[in-house]
Structure formats: C-alpha cells, structure tokens
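A.B. asks: Chain by chain, the residues run as shown.
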Amino acid sequence: DAGVIQSPRHEVTEMGQEVTLRCKPISGHNSLFWYRQTMMRGLELLIYFNNNVPIDDSGMPEDRFSAKMPNASFSTLKIQPSEPRDSAVYFCASSLAGIGYTFGSGTRLTVV
Amino acid sequence: GEDVEQSLFLSVREGDSSVINCTYTDSSSTYLYWYKQEPGAGLQLLTYIFSNMDMKQDQRLTVLLNKKDKHLSLRIADTQTGDSAIYFCAEEGNNRKLIWGLGTSLAVNP
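Those sequence lines, one after another, are chains D and S.
Our numbering applies: residue 246 is where the first sequence begins, and numbers increase by one.
Our numbering applies: residue 12 is where the second sequence begins, and numbers increase by one.
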C-alpha cells in the first residue's frame, strides 16, 4: 500500500484565491482526519469523517473552510477565499478501527 | 477539559538515553501514543500503550505509564542522530479523536 497520499505537496497562492487540498486514504480505512499544523498552535484537528460521513467539524476555523468525502477513497479540503493566516501544513490521516492513525506527508500551504 | 502537555525541547548526546515526558488529563483514555515527526514529513506512529499496562518495551524504546499521575514517558536507549525529530504524545479521547501535545523537539548532539 502506498500509504495516505496527499496532493499537492506544496501550494503557493495569492490571498483571495481558492485552494483545494486532496487526500487519498489507505484502502479499507474507514476514518479520515484533516489536521492543520503551525508553530504557534501545533496540531489542530479540523474535521473528521467516519464511513464518509462528517462526524465532527468543530475544528474548522470558519466558513471559508469546507471539506468533502464523496467516496471512501477521496477527500478534499477547500479554502475559499484564502488568507495569509491560513498558511500552514495540512495533514490528512486515515485509520481503521484499531490502533492509531496513518498520516500523509502533508501539504505546505503558503498564502501571500 | 482534555489537555496533553509535554516539554518543548530536549537535547542529549549521541549514545545517551533520552526520556521524553508527557502528562494527560483524560483518565478514560484507552490508548496513549507516541508519534515521531522528522523534518518535512508527516507524523509516524512510533509506539503505543494500552491503558491497563504500565510498561511496554520495543527494541530501543520503553514506554512507561503511570495512570495514577496521568504521566507517560518515552525512553530511547542509545540515542542516535537519526532519532532527532519532534516527538508527539497523544491520548485517545471520545470517538477515537486523538488529543495531541505540542511536541518535544529532540536534538541529538554528536
């Protein structure tokens, strides 16, 4: 298995533009998590899905952020419009009922 | 509320043992985890311990759990330069959500 695959690895965009981050979880995993990591706040859980259904989106900062999981093998996190304070590394992780999560390599987002 | 705390930095000499400490608050946590993050990479599950255990050993890694004090530690024996990374402690809360510490940055000096 190739693990959790995220794209793009790096994204630089101008303030106000729409940004879409993508994630392919490990096949067979039924939970998917989107995290944001910054130096100031560490790891923040934004949203997680169980069996493609959003369970808890209380960590989504504001309405500019949205996430979808149309099927078991794909999820997107969209920011529209993006702002400089959204600059961070965004991680996707997946798990199956059991021990721990498997993380992707992350998308480093820079909004200028 | 739920909270996980760890010291931010640790510096050791190559060959020495490293001990990274963590305190947590949710006594109902089933599992507690240690993750490792190398520069530019995602988090990698290093080891975990079930809450009814007090010790787990895995090669150079030893995890100690003091449930009474809600204290978790990770000991790395014979620390190598390749162990330099950020180590995250996490407890499993409700609905399998992990509650994370801010991470301990381990620097290994030759």
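Don't read these hints as lab results, they were simulated from the structure.
One thing to keep in mind: the hints can contain errors.
[Claimed, not checked] Using 27 Å as the maximum straight-line C-alpha spacing, the simulated DSSO-like pairs for lysine-lysine come out as follows:
no., chain 1, residue 1, chain 2, residue 2
1, D, K313, S, K81
2, S, K47, S, K108
3, D, K269, S, K67
4, S, K81, S, K47
5, S, K79, S, K67
6, S, K47, S, K79
7, D, K269, D, K313
8, S, K67, S, K81
9, S, K81, D, K269
10, S, K81, S, K108
11, D, K269, D, K323
12, D, K323, S, K108
A.B. asks: Could you run down the list of hints and mark each one as holding or not?
C.D. replies: Status of the hints after comparison with the structure:
1. D:K313 with S:K81: violated, 36 Å
2. S:K47 with S:K108: Within the cut-off at roughly 18 Å; holds.
3. D:K269 with S:K67: violated, 32 Å
4. S:K81 with S:K47: holds, 21 Å
5. S:K79 with S:K67: holds, 17 Å
6. S:K47 with S:K79: holds, 26 Å
7. D:K269 with D:K313: holds, 12 Å
8. S:K67 with S:K81: holds, 16 Å
9. S:K81 with D:K269: violated, 35 Å
10. S:K81 with S:K108: Holds, because 18 Å separates the two Cα atoms, which is no more than 27 Å.
11. D:K269 with D:K323: holds, 15 Å
12. D:K323 with S:K108: The given pair, whose Cα atoms are some 22 Å apart, holds under the 27 Å limit.
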